[in-house]
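Chains A and B supply the protein sequences, listed in that same order.
Each residue of the first sequence is one higher than the last, beginning at 1 in the working numbering.
Each residue of the second sequence is one higher than the last, beginning at 1 in the working numbering.
Hint data in this document are derived by calculation from the structure and do not stem from the laboratory.
What you are looking at is a predicted structure, and each value in this text was computed from that prediction instead of being measured.
Here a beta-carbon is modelled for each residue, glycine too, at the ideal position from N, C-alpha and C.
Treat the hints loosely; a few may be bogus.
Within a straight-line C-alpha distance of at most 25 Å, the following computed SDA-like cross-link-like pairs (lysine to any residue) qualify [to be verified]: (1) B/44 / A/81; (2) A/60 / A/28; (3) A/106 / B/102; (4) B/44 / A/74; (5) B/44 / A/110; (6) B/41 / A/24; (7) B/44 / A/41; (8) A/106 / B/51; (9) B/51 / B/3; (10) B/44 / A/109; (11) A/52 / B/44; (12) B/44 / A/87; (13) A/56 / A/81; (14) B/41 / A/54.
Going by beta-carbon spacing under 7 Å, a handful of chain B positions derived as facing chain A [claimed, not checked]: (15) 48; (16) 105; (17) 106; (18) 107.
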Amino acid sequence: GNSVTQMEGPVTLSEEAFLTINCTYTATGYPSLFWYVQYPGEGLQLLLKATKADDKGSNKGFEATYRKETTSFHLEKGSVQVSDSAVYFCALSDLPGANSKLTFGKGITLSVRP
Amino acid sequence: EAGVTQFPSHSVIEKGQTVTLRCDPISGHDNLYWYRRVMGKEIKFLLHFVKESKQDESGMPNNRFLAERTGGTYSTLKVQPAELEDSGVYFCASSQEHAYNEQFFGPGTRLTVL
Numbered sequence: 001g002n003s004v005t006q007m008e009g010p011v012t013l014s015e016e017a018f019l020t021i022n023c024t025y026t027a028t029g030y031p032s033l034f035w036y037v038q039y040p041g042e043g044l045q046l047l048l049k050a051t052k053a054d055d056k057g058s059n060k061g062f063e064a065t066y067r068k069e070t071t072s073f074h075l076e077k078g079s080v081q082v083s084d085s086a087v088y089f090c091a092l093s094d095l096p097g098a099n100s101k102l103t104f105g106k107g108i109t110l111s112v113r114p
Numbered sequence: 001e002a003g004v005t006q007f008p009s010h011s012v013i014e015k016g017q018t019v020t021l022r023c024d025p026i027s028g029h030d031n032l033y034w035y036r037r038v039m040g041k042e043i044k045f046l047l048h049f050v051k052e053s054k055q056d057e058s059g060m061p062n063n064r065f066l067a068e069r070t071g072g073t074y075s076t077l078k079v080q081p082a083e084l085e086d087s088g089v090y091f092c093a094s095s096q097e098h099a100y101n102e103q104f105f106g107p108g109t110r111l112t113v114l
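Next up, chain B with everything else stripped away, as it sits in the complex:
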């Protein structure tokens, strides 16, 4: 069974540009999470989908970030326009329906904004 995949693995863009990150969760996992780790700091929660609905988006830093999960399968996280402080590693995780289920993480997308 394939794990959580993320694309691209690396992205380098200039300030003001737009970037879209993609996450494909494990098939059948209703829960999908986005997290971000800024260099040397904690991994911070961004938001949580249950199927196609946003369950919790309390961690989204501002309205330059837009997350979608159309059809309840893969998810995209768009940053528009990107700022220098958006640089970091963006992780996606998925889990099954019930509580106590482990979150399975993808390898992350390293975003560098110049």
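Same shape as in the complex, but just chain A:
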């Protein structure tokens, strides 16, 4: 079946540091890929998505590129802020598009210190 593997956490960075969170996946077919973020006390929010190979999703300074050859969707940000502290989840959809069940990774907690 489908699966998503995220790097182990937690991750602690200083403000303005570069962020990379690794995500690899196993799936049949051509899934869509997502990064969700959960801020303290809130529900998950879609951060960015990519629906086909070589697509780059971007939002709020975060980027991730759908790499079919390495089955990866690593999340990057050039300069993190304290407000980026949250839990980040990599996910894929079984069918092309978000309107189907999602398979998530374990999530990783990011803490950014001033």
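Starting from the structure of chain A, add chain B where the hints point.
Okay, now just chain B, sitting in the frame of chain A:
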């Protein structure tokens, strides 16, 4: 516009008791999903409603779990009788009719079974 709401936010019960979780999706969203995150593990899909019909319930762990969505509006997830391994955070999400629509998540219900 109100987001997805879930009630209660926390529930602590003893093994063998019954608990009912409620989810109110965004108005007009035909798709409603239930997910669960057990401590430190992945968020796992439980089931998917389209209006009042169960589209996919492949993730329901066993027959102690019963989900309903009468009238195609809010949904309830009942656990009866609860076991220790049912502890976790239960998330609800909703989305509009068409594929590629984003799933909007609620804040989750934290269930603790003692």
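Results of checking the hints against the structure:
1. Proposed proximity of residue 44 of chain B and residue 81 of chain A is contradicted: the alpha carbons are some 30 Å apart, above 25 Å.
2. Restraint check: the Cα-Cα separation between residue 60 of chain A and residue 28 of chain A comes to about 30 Å, which exceeds 25 Å; the hinted pair is violated.
3. For a cut-off of 25 Å, the pair hint linking residue 106 of chain A to residue 102 of chain B stands: about 20 Å separates their Cα positions.
4. Only pairs whose Cα atoms come within 25 Å are accepted, and residue 44 of chain B paired with residue 74 of chain A is accepted, the gap being roughly 21 Å.
5. In summary, the hint linking residue 44 of chain B to residue 110 of chain A is supported, as the alpha carbons are separated by about 21 Å, within the 25 Å threshold.
6. Proximity of residue 41 of chain B to residue 24 of chain A is assessed by CA-CA distance (about 16 Å); at most 25 Å being required, the pair is judged to hold.
7. Between residue 44 of chain B and residue 41 of chain A, the direct Cα distance comes to roughly 20 Å. Compliance with the 25 Å bound is thereby established for this hinted pair.
8. Pair hint residue 106 of chain A plus residue 51 of chain B does not hold up; C-alpha atoms about 29 Å apart against a cutoff of 25 Å.
9. Between residue 51 of chain B and residue 3 of chain B the alpha-carbon distance is near 17 Å, which keeps this suggested pair within the 25 Å criterion.
10. In summary, the hint linking residue 44 of chain B to residue 109 of chain A is supported, as the alpha carbons are separated by about 18 Å, within the 25 Å threshold.
11. As the CA atoms of residue 52 of chain A and residue 44 of chain B are separated by approximately 23 Å, the hinted pair is consistent with the 25 Å bound.
12. Between residue 44 of chain B and residue 87 of chain A the alpha-carbon distance is near 16 Å, which keeps this suggested pair within the 25 Å criterion.
13. Simply put, residue 56 of chain A and residue 81 of chain A have alpha-carbon atoms about 22 Å apart, close enough for the 25 Å limit, and the pair holds.
14. With a C-alpha separation of about 29 Å, the suggested pairing of residue 41 of chain B with residue 54 of chain A is violated against the 25 Å cut-off.
15. Contact between residue 48 of chain B and chain A, as hinted, is supported at the beta carbon level, the nearest pair being about 6 Å apart and thus within 7 Å.
16. Look at residue 105 of chain B: its Cβ gets to within about 4 Å of chain A, closer than 7 Å, so that hint holds up.
17. For residue 106 of chain B, the suggested interface contact is upheld, since its CB lies about 5 Å from the closest CB of chain A, less than 7 Å.
18. At its closest, the beta carbon of residue 107 of chain B sits 5 Å from a beta carbon of chain A; the interface hint therefore holds under the 7 Å criterion.
When the structure is compared with the earlier hints, violations turn up for hints 1, 2, 8, 14 and for no others.
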